[in-house]
Amino acid sequence: MTESDLSRRVFLQTTGVSGLALMVGCDSNPSMMDVDAAVDATTPMVDPSLNTWIEITPDETVFIAMHKAEMGQGVHTTLPLIVAEELDVALSQVQVRLVGELDTYRLPTGLPLTSASNSTRGAYTLLRQVGAAAREMLIQAAATQWNIDASTVSTELGACIHPNGEQLTYGALVDAARILPIPEEPTLKDPATFRYIGVSQERFADTQIVEGANRYGLDAVPDAWPDRLYAAIRHAPVSGGEPTNLDALPDPGEAIEAIVGLPHAVAVVASSYWEAWRTVTNLPITFSEPAEAAAVSSAGIRAELESALGEDGIVSGEMGDISALGDAVAQQVTTRFYAPHIAHTPLEPVNATAYVQADRCDIWLPTQSAHFVREKAVEITGLNASQIHVNPMFIGGSYGRKADTDYVEDALRIAQAVGRPVTLIWSREEDIQHDQFRPAFCGEIAGSLDADGNLIGWDAVNSGPSVLGFGERDPLSVQGFSDLAYEIPNQRVRHVYVPSPLETGFWRSIGHSQNTFFVEAFLDELAEAAGKDPLMFRLDMMTDARYRRVLEQVAELAQWGSPFTPGASQGIAFCKDYGSVIGVVCEASVEMRTRRVRIHRVSAVVDCGLAIQPTGVRAQVEGGLMFGLSAALHEEITIEGGKVQQSNFDDYRILTQREAPQIEVRIVDSTESPGGVGEIAVGPAAPALANAIYAATGTRCRRTPFMKVLGFA
Amino acid sequence: MPTLKVNARDVEVDAPQAKPLLWVLREDVALTGTKFGCGAGQCGSCTVLVDGRAVRSCQVVLYQVEGTEVQTIEGLNDELGRRLKRAWVDVGVAQCGFCQAGQIMSAHAILSSDPNVDEDALKQRLGNLCRCGTYGRIVQAVMQVAAEMQAGEGA
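Chains as they are written, first to last, in numbering that gives the first Met the number 0: chain D, 0 to 712; chain A, 0 to 154.
These aren't lab readings, by the way, just hints derived from the structure by calculation.
Some clues are possibly wrong.
Unchecked claim - Using C-beta positions, here's what the derived DEER-type ranges look like: (1) A:Ala150 <-> D:Pro565: 44 to 52 Å; (2) A:Gln149 <-> D:Glu165: 48 to 56 Å; (3) A:Ser112 <-> D:Ser91: 32 to 40 Å; (4) D:Asp58 <-> A:Ala146: 34 to 42 Å; (5) D:Thr151 <-> A:Met148: 53 to 61 Å; (6) A:Asp50 <-> D:Thr637: 36 to 44 Å; (7) A:Asn76 <-> D:Asn281: 33 to 41 Å; (8) D:Glu155 <-> A:Ala146: 32 to 40 Å; (9) A:Asp9 <-> D:Arg301: 52 to 60 Å; (10) A:Ala150 <-> D:Gly468: 55 to 63 Å; (11) A:Ser112 <-> D:Pro565: 29 to 37 Å; (12) A:Ser111 <-> D:Val332: 53 to 61 Å; (13) A:Met148 <-> D:Pro565: 27 to 35 Å; (14) A:Ala7 <-> D:Val220: 18 to 26 Å.
Cβ atoms here follow ideal geometry from the backbone N, Cα and C, with glycine treated the same way.
The following block holds chain D by itself, in its conformation from the complex:
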């Protein structure tokens, strides 16, 4: 399928002009075909660009729909900016509309979920076509009005220009333009003429954010609902537990509207969140503790994962013959690794506002997928998809957490019970204890070196669950573990599936979050056994120019071999995914006396193809590094008696300002297609730090969190 075929299908799909057009759409999901308003054959064919993706008002405001979830990664600016570039309007004219990735706004770019660092790279060309097609229609409208050939009309920042200099603004032209035929193959700009793409801009939401005016799910105040209530919730601490004393609870008092029993939780509803929260916290609610779930412990989880390493599992990648190395092997190094369950802890705790009526359901919430939310609402309410109205809001951090609909189900059930709009906010304690955790994984890698210290054999196995629910065939279980960048002649990569007793979900970078740690920390152990510098050991196994470049450049940026901070030590790591590659050097010192790991500086060189917004790329690398360093140093969820032991930021520590390193990011200059950057820096952070800690202390960190390994926590 050519790109123009794709874009034409997008346009046809989104016009809803005829049943035939709907059938031509790339996606045969019935809910997608139903919800678009039916348009009968006598309605003029309207350009979706100027009625859905783009709306221009007489005062020259340009509303641009943004269909992905904004959770800090900057799509709220980047995606509309791409449209604005091709449309040729001033950014000051642009107002961004958060729309769900549903129906008209669902592009053929994969799952209707903001994930996999795919928002920009998936939609880049399609969004350019949306803007370019709209511009051509505006040009045609002007040409018609001027009675000249469209090829003589140019545009400049929101206006069409006649060869004689006369102008017609887009606002004046849009009514005529919107009913014109959709250009089948709109001409895209020459990238050399880009005004915005590649040039860092102020983010669209920043002024609102600093004024406290940016509304998150937590702040949902649907104006039509003055009778909105708040709900706080307590879930059964042991998985599968049920409330056992609902009928025997004391009168909660006048401030409380209702106590709602849910299958595995109890909610308290009031006109003030604080009243609901303190009541649900203090009520003597008891829950059952199913025996099997109550027997779960961290020690048991780890033992099961380690034991599983000895099973065959499935082979996810193989090269050469790992069993036929024979006398060529001069040394073999085998190391076992462990990464525990960890939590997301977005600063905005999960929340959802729901209003369930007889014939409609309205939901306002932070979500990475309006589609999953709508599906959940159909399931819970029995209404059909066209009766569900999902209003996605700006997200106060997610990192994969708000892709799940567990909190949505809670909110819907409470709203059904109460019959009024309800804003459910999980407390921080609930948010941590009932997270959809990054699962615990174990890994074991055996590396074989020849007499010259070359890596000739790589036999790796990991054990853990499937976050996608695919059992042993989940590609995310081996993300960063198989398909290595290193040219090792004999390799075998296996995965042993072990279900998790805790709920698990997507944690920013997913498989990389533990697998890249295992791989890149192990490579340093091999480098040492081979008597080689860790940078050279890696480069010796890479011929790909793009991979080599980021490692060579980060070594230069980081002054590899000559730390900026006297007495500090350095560690290096590499990662590739999402169409991007990154090299990371961490410079750190370990102070035994004060029991501190000081991360002085992290250098990173990223090649992400065309950087749509360089400041945003840097921000994602800075943020991804800090996210990864936080987990590497501090984070662990422990379970005893089936209960999560951590509850707030005092016992689930995350990286603080005083621990934050200086971060230097260089973006490799490129005009290749944009690659993803939201997750690329997370995976290599832990091994870069582990490798620096080894250089500083001689202690290998083969599990996270490192503060525990060092005996500092």
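With chain D's structure known, arrange chain A on it following the hints.
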């Protein structure tokens, strides 16, 4: 009925004396710029100024702030406040933005009492959590404003 000033406006609050200021602001005064992040004084997302001093509003209650002057992010518009907000936008500090109101309030309190703060001291004193990892840019923005104020540059 308890009265306090919020962003220079007199406000009467019909709520229990034990209600945390955070929820008084969000529910009774309808100012949602101040955020709930942990409810335990750990994260700082709820930071406001009470008589000019940074306070985690989830940890103080209505009777404690009766008769005081409370400033929230919405009302932080003195010269220092405006400079901080502008620097935050210029440097591109925010990612998700949820913690930033609290960060700006904390920065305001630090620079108000110590306009010559150096970077190391600033990092030690800025205790607000950020999960997106904007720490470096926060420091950059605050140091930029500190330098501006010290140089007496035009607003």
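Now for the hints, and whether the structure bears them out:
A beta carbon spacing of about 32 Å between A:Ala150 and D:Pro565 contradicts the range 44 to 52 Å that was offered as a hint. For the hinted restraint 48 to 56 Å between A:Gln149 and D:Glu165, the CB-CB distance of approximately 52 Å keeps it satisfied. In this structure, A:Ser112 and D:Ser91 meet the distance hint of 32 to 40 Å, their C-beta atoms being roughly 37 Å apart. About 39 Å separates the C-beta atoms of D:Asp58 and A:Ala146, a value consistent with the hinted range of 34 to 42 Å.
Hint check: D:Thr151 to A:Met148, Cβ distance near 54 Å, so the stated range 53 to 61 Å holds. For A:Asp50 and D:Thr637, the Cβ-Cβ distance of about 42 Å falls inside the hinted range of 36 to 44 Å, so the restraint holds. Roughly 39 Å separates the CB atoms of A:Asn76 and D:Asn281, a value that falls within the hinted 33 to 41 Å. Evaluation of the 32 to 40 Å hint for D:Glu155 and A:Ala146 yields a pass: the beta carbon distance comes to about 38 Å.
A hinted range of 52 to 60 Å for the beta carbons of A:Asp9 and D:Arg301 is consistent with their spacing of about 59 Å. Evaluation of the 55 to 63 Å hint for A:Ala150 and D:Gly468 yields a pass: the beta carbon distance comes to about 58 Å. Under the hint 29 to 37 Å, the C-beta atoms of A:Ser112 and D:Pro565, about 33 Å apart, fit the expected range. The beta-carbon spacing between A:Ser111 and D:Val332, approximately 56 Å, falls within the hinted interval of 53 to 61 Å.
At roughly 33 Å, the beta-carbon separation of A:Met148 and D:Pro565 lies within the given 27 to 35 Å, and the hint holds. Between A:Ala7 and D:Val220, the C-beta spacing of about 23 Å keeps the proposed range 18 to 26 Å intact.
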